[in-house]
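S.K.: The lines below spell out each chain.
2 protein chains.
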Amino acid sequence: MTTHSSTIVRVLCSRVSEHTGQAITVQGWVHAIRGMGGLAFVDVRDRSGIVQCVLEGQLAESPLSLESVVTVTGTAAASSKAPRGIEVHASGVTCISKVEAPLPFEINKKNISARLDTVLDHRVLSLRHPKVHATFRIQSALAGAFRDYLSSRQFTQIFTPKIVASGTEGGSNLFPVDYFEQKAYLAQSPQFYKQMMVGAGYERVFEIAPVYRAEEHNTSRHLNEYVSLDAEMGFIRSEEELMDLEQHLLAYMFERAAAECEAEFALLGVEVPVPGEIPRIPVAEAQQILQRKYGKTSPKGDLDPEGERLICQYASEPNKPAFVFVTRYPREIRPMYAMPASDNAALTASFDLLFNGLEITTGGQRIHDYEQLSESIRSRGLDPTHFAGYLDVFRYGMPPHGGFAIGLERLTSRLLGLPNVREAAAFPRDRTRLTP
Amino acid sequence: MTTHSSTIVRVLCSRVSEHTGQAITVQGWVHAIRGMGGLAFVDVRDRSGIVQCVLEGQLAESPLSLESVVTVTGTAAASSKAPRGIEVHASGVTCISKVEAPLPFEINKKNISARLDTVLDHRVLSLRHPKVHATFRIQSALAGAFRDYLSSRQFTQIFTPKIVASGTEGGSNLFPVDYFEQKAYLAQSPQFYKQMMVGAGYERVFEIAPVYRAEEHNTSRHLNEYVSLDAEMGFIRSEEELMDLEQHLLAYMFERAAAECEAEFALLGVEVPVPGEIPRIPVAEAQQILQRKYGKTSPKGDLDPEGERLICQYASEPNKPAFVFVTRYPREIRPMYAMPASDNAALTASFDLLFNGLEITTGGQRIHDYEQLSESIRSRGLDPTHFAGYLDVFRYGMPPHGGFAIGLERLTSRLLGLPNVREAAAFPRDRTRLTP
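For the protein sequence lines, the chains are A and B, in the order given. Residue numbers for the first sequence follow this note's numbering, so the first one is 1 and each next one is one higher. Residue numbers for the second sequence follow this note's numbering, so the first one is 1 and each next one is one higher.
It cannot be assumed that every hint is accurate.
Sample of chain B residues at the chain A side, in silico, Cβ under 10 Å [what the hints assert, rightly or not]:
no.	residue
1	W29
2	L103
3	A141
4	S166
5	V177
6	R395
Calculated from the structure, these hints are not laboratory results. Note that beta-carbon positions come from the ideal geometry of N, C-alpha and C, so glycine has one too.
Pulled out of the complex, with its shape left as it was, chain A reads as follows (with noise of 0.2 Å):
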């Protein structure tokens, strides 16, 4: 083991074919060990990617582990026998951090054997494996995507309170927080705020943050801490204005992530679909759909995740990526600031967003008449005191307006086809996970 690596500069994994008979330092971790003969050949795996490196002599004695952080410096070598076509003749191995600890299971195989509790309890090491690796980079870029197309379209980032002192729906699915002398909540959504942003004059505004959700259900389907990609848009005629902008919106999303993360798309096999034109269903009609075409019920209003799935499955071609809009929810199963509909009282003039089966986005216009919104408050049986500073907004003069909410990891986990939502989170909160 030698230590005079640090006079050269460092090269990425996937960066050392640049550098073909160059002296190099690659630094990552041991990510596989073959021994042959008086050789050693070892994967180092940095962010970027894997390369090969080859220890002769003395050095392929070293007495390296999987997973250790080790500096290799040597010679970039073309070699038609290494897995990149490129390899590094190693000099020199330092390691900077050495594992002793048995794995609890293998990173360097195809896919993690292991349960998905086992996975998420050795987080930092499941998140390792280039698959799972590739899960997040796209998550991030999908993130980065949602904020550009947004700024380019004049909205403003906001950042809004976690710390609620009253829940958007009336109190139900509450986390309570132990504020100084006073209780407290984990905001469920930023829609007041989101909304307050808007009539405070910003008109689009947009946030990306936590929200939270006290509920019992412990799903394939649900965390209690996710993060929501929130947009909320002023002097709008009506929510298929919202409709349009969130299948823009998505569309470019999607076309960003494949251009960033080509290389993590292909190693997951994923084709990124293009929407198109998303057809915009009526929850009623969807219902009759499901009931003629696969002699399905529906709860009353609403699809359950059986009719989401099916749905899906009608609007679109076998094996390919579904997105439907479901439009015309009844107000008794909205929440009481959904407009109704303009033809139709008993409706509103919201939607939901359901890709390959599952829910990612609930929106629709809001009420933005303060006797309006004050007697739907009222007919919910909640009282309009306990909404002073929401319903302030809408006294100071307030814009049609509306928008929707796109949860991220069901967004993420749809895109990629992952059975659950956890894992498409780093570190996902259910109902009895709160490790690490």
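Chain A is fixed; fit chain B onto it per the hints.
M.R.: Leaving out everything else, chain B in the frame of chain A:
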């Protein structure tokens, strides 16, 4: 009042001058009304700015009130008497949302004449004041530039949980959360998680998310919930690289914000500083300077708020923005994960960044050796088994690494010269404030 406005496409107030002679529609809030002999001059404000509309004859009798939301149709006309050389000769005015409530303060004067508490109590109104509005446009630009700079340097955006099982610093200043049957807390920082993501193979990560401090302080510098701009990177040689990174990052953020928000900075009368080479002063030396120059005694190993102000004053030219890195804090006042200085085990490879008299960043290199970190935890009287999820990454291969966090509201308030950090939070949370 007429309603034929919906057939003409909306033009933003700031763009009216591009449509001279054309029939247009503007939409926004009634910023000011001036009557004059059968004429009414109505200033309409939207997200882009303000335009004067001239109402004649019967239209001048329209019962408009300040802050109502209106649609004005008319003809764009150049006018040397209009405030911006352009006005709209109205042919129709529609009130979309009428304000009947009295306004708690005027927002069409140069500044708001009201106490800060009143300004915050009626936040949706105060945010409409052009100067307050500008503050959060600039904040949005700063956050976007933070993301873009780090993305361009191959940092991955991460999303880590804010509901955690234990604190990063041993349990003080935590807000408790009822998490089903378990006791949980709100994260004081993403410190552990960003380190874990570095060690999980992403190497370079950033996060833009809220953090929570249950501090009893009720000062002009403290918020109990704020937005933390966090960065962390692996394979560093020393904390000097982190200070280099932050220096370049801030220069980029300020440059980008200045370019995107030229009008906003002009309105606020703020000249955006260009941080060049920021001085790096060991805290012991800073203390000596304070003693020698100002006869000021400092607390052991640290600077107090007055010391932070004075050392900024010392390091900058009079009336110029001041940046100072204060470095080499003693171990006893830094967290257990702080890397000891390479040449003095009683000190740490850490730094704070002061900006115009206030600490806006804490950063440093972290310990990456498992045994050393376990020992450091024990030396604080803490139990390493309570940090098992965090310590895992150090057992499974961890490179040298470090990072820093910038408080977004503090950065904004220092940049804009806002005396109270609450003015840089859209909806601040402090010792007593939970609403709006």
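S.K.: Tell me, which hint numbers fail for this structure?
M.R.: none
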